[in-house]
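A.B. asks: Turn these sequences into a full structure, and let the hints steer you where they fit.
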Amino acid sequence: MNKKRLLLAGLLIWLSAQVYAQENHSGDLLIKNAQVITITNGTLENTDVLVKKGIITEIGTNLKASKNVKIVDASGQYLMPGIIDAHSHLALEIINEASSPVTSEVQMSDVIDPFDISIYRALAGGTTITHAMHGSANVIGGQNVTLKLRYGTKDPNRLIMEEAPRTIKFALGENPTRVHGIGKNLQPRSRMGVEAVIRNGFEEALQYKAVWEKWNLEKQKKEINTAPPKFNSRLQTLVDILDGEIIVHCHSYRADEIYMLIEVCKEYGVDKIVFSHVNEGFKVAPELAKYTMGASVFSDWWAYKFEVYYSTAYNAAILTKNGVVTSINSDSDELVRHLYHEAAKTQRYGGLTDDEALALITINPAKQLGIGDYVGSIEVGKQADLVLFDKHPLSIYAIPQMTWVDGIMYFDRKSDQDDQRIKINIKRSPDPFRLSTGAHDCMQDVEMLFTDNYHH
Amino acid sequence: MKRQLNFLCNNRIQMKKLKILLWCCCFLLSQGLMAQIEGEVIKPYKANFLLTNAKIYTVTNGILEDHDLLIEEGLIKAIGKDIPHQNHSVIDCSGKSLYPGFIDSGTSLGIVEINSLTETQDYMELGKFTPQMQALTVVNPNGVAIPVTRVSGVTTVLTQPRGGYFPGTAALINLNGYTPAQMFGGFKGLIMNFPSATRSGSNDNRSLEDLEKAATKTLEEINALWEKAATYLAIKSKGGDMDYYPEMEQLSRVLNKELPLLIEVNAAKDIVSALEWIKEKDVKVVLTGVAEGWKVADKIAAADVPVITGPILALPTRDSDNYDAPYNNPALLQKAGVKVALRTMEAENVRNLPFNAGFAAAYGMGTTEALKAITINPAEIFGVSDKIGSLEEGKKATLFIADGDPFEPKTQIQQVFINGYRIPMTNRHIRLYQEFLDREMQP
Amino acid sequence: MKSKKQLILTYCSVYLICLLLTLGQAHAQSDNNGDRRITSSYYISNATVIPEPGIIHSNYDIIFKNGTISEIGKNLTIPKDAKEIKGESLFVYPGFIDLGNKSGVEIPVLPERPEDFDTSNPIPELAGIHPHFSAAKHYQFNEKIEEDWRGLGFTIVQKIPEGKGMLPGLTTLVVMGHEGNNNLLTENPSQFFQFNTVRGVYPHTKLAVMAKWRDLFQNTVLYREHMAIYAKNKGIGRVEFDPVLNALIPVTQNQTPLLIAPKSELDTRRALKMLEENNFKLVLLGINEGAELIPILHSKKVGVVLNLALPEDKFSDSLDNDEQGTDYDARIERARKAFLEPLSLASKYEKAGIPFAFTSMDLEKKDFYSNLRLMIDNGLSKDAALAALTMNPAKILGIENISGSIAPGKMANLILMTDSLFSKDGKVSMVVSDGYLFDYPDNISSGKLGSQVWNYATETPVGQSKGTWEFVKKDDKWEGTVSYDSPKGTGVKKAKMENLELTDESLSFSFIVETNDDVLDVTVDGVIKKNNKFEGSMNIKGYTQFTVQATKDEKPNKDHE
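Chains as they are written, first to last, in my numbering: chain A, 1 to 456; chain B, 1 to 443; chain C, 1 to 561.
Hints listed in this document are in silico derivations from the structure and should not be mistaken for laboratory results. There's no promise every hint is true.
Once the Cα atoms are required to be at most 25 Å apart in a straight line, the calculated BS3-like pairs of lysine-lysine come out as [unchecked claim]: (1) 263/C to 427/A; (2) 395/C to 281/C; (3) 230/A to 494/C; (4) 217/B to 496/C; (5) 230/A to 273/C; (6) 213/B to 494/C.
Residues of chain A clear of chain C, computed beta-carbon distances all greater than 12 Å [as the list claims (entries may be wrong)]: (7) 26; (8) 27; (9) 59; (10) 69; (11) 76; (12) 92; (13) 115; (14) 183; (15) 189; (16) 227; (17) 290; (18) 309; (19) 377; (20) 380; (21) 414; (22) 424.
Covered by chain A, per the in silico footprint, the following chain B stretches (three or more residues, Cβ under 8 Å) [as the list claims (entries may be wrong)]: (23) 78-92; (24) 105-115; (25) 163-171; (26) 197-206; (27) 238-248; (28) 307-317; (29) 428-434.
Heads up, the beta-carbon is just placed ideally off N, CA and C, and yes, glycines get one too.
C.D. replies: Dropping the structure here:
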């Protein structure tokens, strides 16, 4: 009886695995005669790209594929690496755990929403990877998760990019001081307090690390003389940051606060740090170039709050020309659909070359997320996250035609159907009217703690 | 030894500096910009300009290759070949294009400085019936966003109040001037928010009946106000004694067609209701927003009502909608026969208007129609097509020179003229760029 | 070896103690209200008995005494002290077991927030983390509340602790017995967990709930380790008592199951993630979506409790809106299909061979039988439905030795029905719970008294028009709805009756019909004859008048409400 049941369970698991396999095809693909924008190796005219099991295996001319491999004729079209968004809140059920100035223990991988229609819309805009981040309510927010937009699955874990290293959200300036200082009478109330909160966290983490090291040593030697310490994932995460296992992605705007965190990181030996938004990054571009993994900026957002009043749309250009690894992010379910256009704006504001502009949304964000070895350019051995445009992707008239993740097509403009929802939430109004407000998501889920209507 | 190292170091930094300087120069040249000289005053100035050998996108008379355009007294004096120049400031436009200044038909530019600071939000007044509130009064001619906007070729915007049933009166402004009066672009319109009977937001679980009821109730309130204004107007036109009633005074201007009514409505069903509502009203009407216009385009066309729609770079209104519905909306409306103007609904980023038009163009509208939607169409809708909206002799010299297609991000807008004023092609964004591209003090 | 005498003595003393326990302390008062029952021994005669799913015995007798079934079979000898319950025409089922319900559970009193309350670091109780609380301490059996639930057939219920946060406390198992008794069966059968939070304090969202759970689990393990070390070596610091960790020890040791209430498919997946990270016994309470998770739940041996509450289709009313674009109908149809999915979830579990139970947690009482019938209409077998209400929950709770079927030695928890279970005419006429009898005469007649359905037909110049009139009595006042073919040709429409007057002899009402270009005011007026026939007229104001005939439906069909 028991055995029979086990067999049945096994059968069911196998069956469900079959369904997945069918859903996702093989990841084999041959794209013929494209203008291949490799990012790292210039643009190759009339070139073929061969993909096997989701990996780019050959780039050249007159490539052949075995039978049953899907062949795409891309004559006259532009193939570029899938677009990577280094700052997004796409596909998340919840964004902020705004209840404490430090929440390094929370993990965005716990709240991935595979049903978010915005995933499909992002794919239709050529985006294949998003960095799903905690919001900016806390000085040290939660651990982010890097997602591959494998839309269609109901399993949140299937969206996770396994190769991506751990990253964490920090936030400086108005948002944390407003939420905690003004909203709840907790430090930080000022940018001074922001620094103090980070330093307190790092110091406590060092103590925590020492206590555990001592205990583990005693346990190893079987000479236990102390009680076991309490486990604290918040401090443990901070320890991991200090140990260089986690890349910090810090929401920041003003030059002074960016400089502050660079100094604190230098002091604690933290060198894996990327600054996000970083509207005044251009003022400390040489410092960013020297000490950080780069800056992820908006193409042109400014003036929506005081700390971004003294911004410039030339930020990305100044940073790039000063040698900062720079990316352009969306922080928005709307912008994530046309990051190629956001990147193009750096040609108006600062005259970046095509390669420089496209690096802002491909290899540079890949580096900032620690996944530059896997994605971000069209190279043999990299994952086949690709997008095909009818015109040069930096042209305003360019329309993404097809998008692949791991060599599997997730968007095809020609066969695009209405209503791409995977699931209809029956507990809510199923298809309500919603006007996009241009509001951004960084401060979502803080309503109970802080009711003013602030974003980014 | 130490000295040598130091020298090497310096040398490296200098090399880098040189490189960046080179960049900077390239940029400035490409922009036709001059680095600001200390003490130099940069401000708009009026003169007689002759723009020669340009490709002129007239909008109304096609594209004229290799033509000259003469600006005198703030007007386009002449367009032709080889116009002789006397005392004119000549600008060689070989290889360049001329376009009429772009018009954004819906913004809050100039009436908000920093949106998160309520102290600077001058676009909203208390109360739901405040038609007499004037956007023009609160336009800050020195708002930092104004020069940031106009260097993109957007020279003219409708700036409008929001909130309530009748939030106030919008005004068309040109982005140059020291007083609101100098900036005024010759059009005002009364904003009305049409009540919605559509479920909005995923937490809205009201039944269809409840939605209708709520919308009907609001519309009844609006109708009551309308009736009052009619009475007000009737008594006033007979010369009857009236108490001071600025709200009715202003609304009655819509009833006697002095002021057009700009009806903000977005959901398909509400658009149909709005069309129904205006049937019996003998007033000038423009529909604004119209996000789901594509679903009822034929009905809008049949009603012969112009539409101001946007932003085009927006999310679909329904989860079930096709991902490109907002991109396609202007094209579908235009193809159904609706006169379409575009808007960004932005304040600090009105400069994205050409890109919104570019997306509309790419998704079915084509560049010619998309260009009209930010030039002549809004000029006609606002009744100012005798002054702006195209490059024609006798119109205001509100135009710009570009080194290519102004919808393309790569293109640089090289010189803007507003009412014949040559606009300095700088603003805080550019000045910050100039200062920080190559920061003197290195880490 | 003990002698027989000794054994008998032992039995006697146990019996005496039991007797004392039942009677309580003698307080020298008789039953001056006449409430006490004459006997605790009963005998159901000649009933159709369904002792467990799939087995039917005709003309069976059941004998139970002191709350326990003593015999079941044909032509049993009637004990002298037994009161007879005539079972002819009755169907007897085992009493239902509800795996989760909160009625009668009080919200625990929490400590006051101190003045310098730090929302980022609250004491556990103020953060909704009180696994050391027990529903047993906050549950008060209240006949007024419970009698209706019992009237549906529920005899054993797992009471869920109240609390806004993630760990509200331990559940308790009670029998729906006599009000004066202590009806607690098992004090702390499971630890309850939800993804809810108190909001405004840490943990504020599911994000922190997950993180907090990981910390709690690890620290419970360390707490145990500390206790073990301290037991051996007093030289290290003492174990500071921590009620929260202490309460979680049985969960981390796989003894007490964690009862997680998912509110969505993603919650269910989150619960599975918790299970992947840490080993514990998982029971999912109140699932109503996510059929593709069935194989995983099966392989992980997760206890499955489905939700008896079904979603309401609130959106087909949007159908007659013709202003929503070309593919609008297809979209609405998709939404409608999504609403139908939960109806077939139970049958999918049955087909996958997973024994599941039910919870009434989110259920409105009136929907119980109609929802079950909906599930049956959507593929669930009646046997599986019965099992989900009896044997399966007994097994999940580990009480199958005393409940879940009708057998000697098990508790006398029985449902006596007028017809077979889940049939449209089947009504609960009596429930036996803990050996006590509870009559439900209203159930049987309420259908006739409280609601009426009439089918009408009218001859109009354009053909015959048909529909129904439905009447429901609310607070002694009749309310009615009329259904008719939409003049827009968009199917059957319903309208609320206005000015309704319904007596035994006459009926009149009016209602409004919207056509494409008009609103019609319709009045119906006529007499009711002895044979449940109506004859009268239908008057459309400003237009014309037709005759109307109607017949009363003898058995109102609840499914079509």
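A.B. asks: Is residue 217/B close enough to residue 496/C, meaning Cα to Cα at most 25 Å?
C.D. replies: Judged against 25 Å, a Cα distance of about 21 Å means the pair holds.
A.B. asks: Check whether the Cα positions of residue 263/C and residue 427/A lie no farther apart than 25 Å.
C.D. replies: 10 Å, holds
A.B. asks: In terms of Cβ atoms, is chain C entirely out of 12 Å range of residue 115/A?
C.D. replies: 8 Å, violated
A.B. asks: For the segment 428-434 of chain B, count the residues whose Cβ lies under 8 Å from any Cβ of chain A; is that count three or more?
C.D. replies: holds (count 5)
A.B. asks: Would the least Cβ to Cβ distance between residue 377/A and chain C come out above 12 Å?
C.D. replies: Non-interface label on residue 377/A holds, nearest chain C Cβ at 33 Å vs cutoff 12 Å.
A.B. asks: Compute the least Cβ-Cβ separation between residue 424/A and chain C, then decide whether it is above 12 Å.
C.D. replies: 4 Å, violated
A.B. asks: Examine each Cβ of chain C, and state whether all of them lie more than 12 Å from the Cβ of residue 227/A.
C.D. replies: 5 Å, violated
A.B. asks: Can we trust that residue 26/A is non-interface, i.e. its beta-carbon lies farther than 12 Å from all of chain C?
C.D. replies: Residue 26/A is indeed farther than 12 Å from all Cβ atoms of chain C, at 22 Å.
A.B. asks: Against chain A, does the segment 238-248 of chain B show at least 3 residues with beta-carbon separation below 8 Å?
C.D. replies: violated (count 0)
A.B. asks: Once the closest CB in chain C is found, is it more than 12 Å from residue 414/A?
C.D. replies: 18 Å, holds
A.B. asks: Is the Cβ of residue 92/A farther than 12 Å from every Cβ of chain C?
C.D. replies: 9 Å, violated
A.B. asks: Is the Cβ of residue 59/A farther than 12 Å from every Cβ of chain C?
C.D. replies: 38 Å, holds
Checked against the numbered hints above, the structure violates hints 3, 12, 13, 14, 16, 22, 23, 25, 27; every other hint is satisfied.
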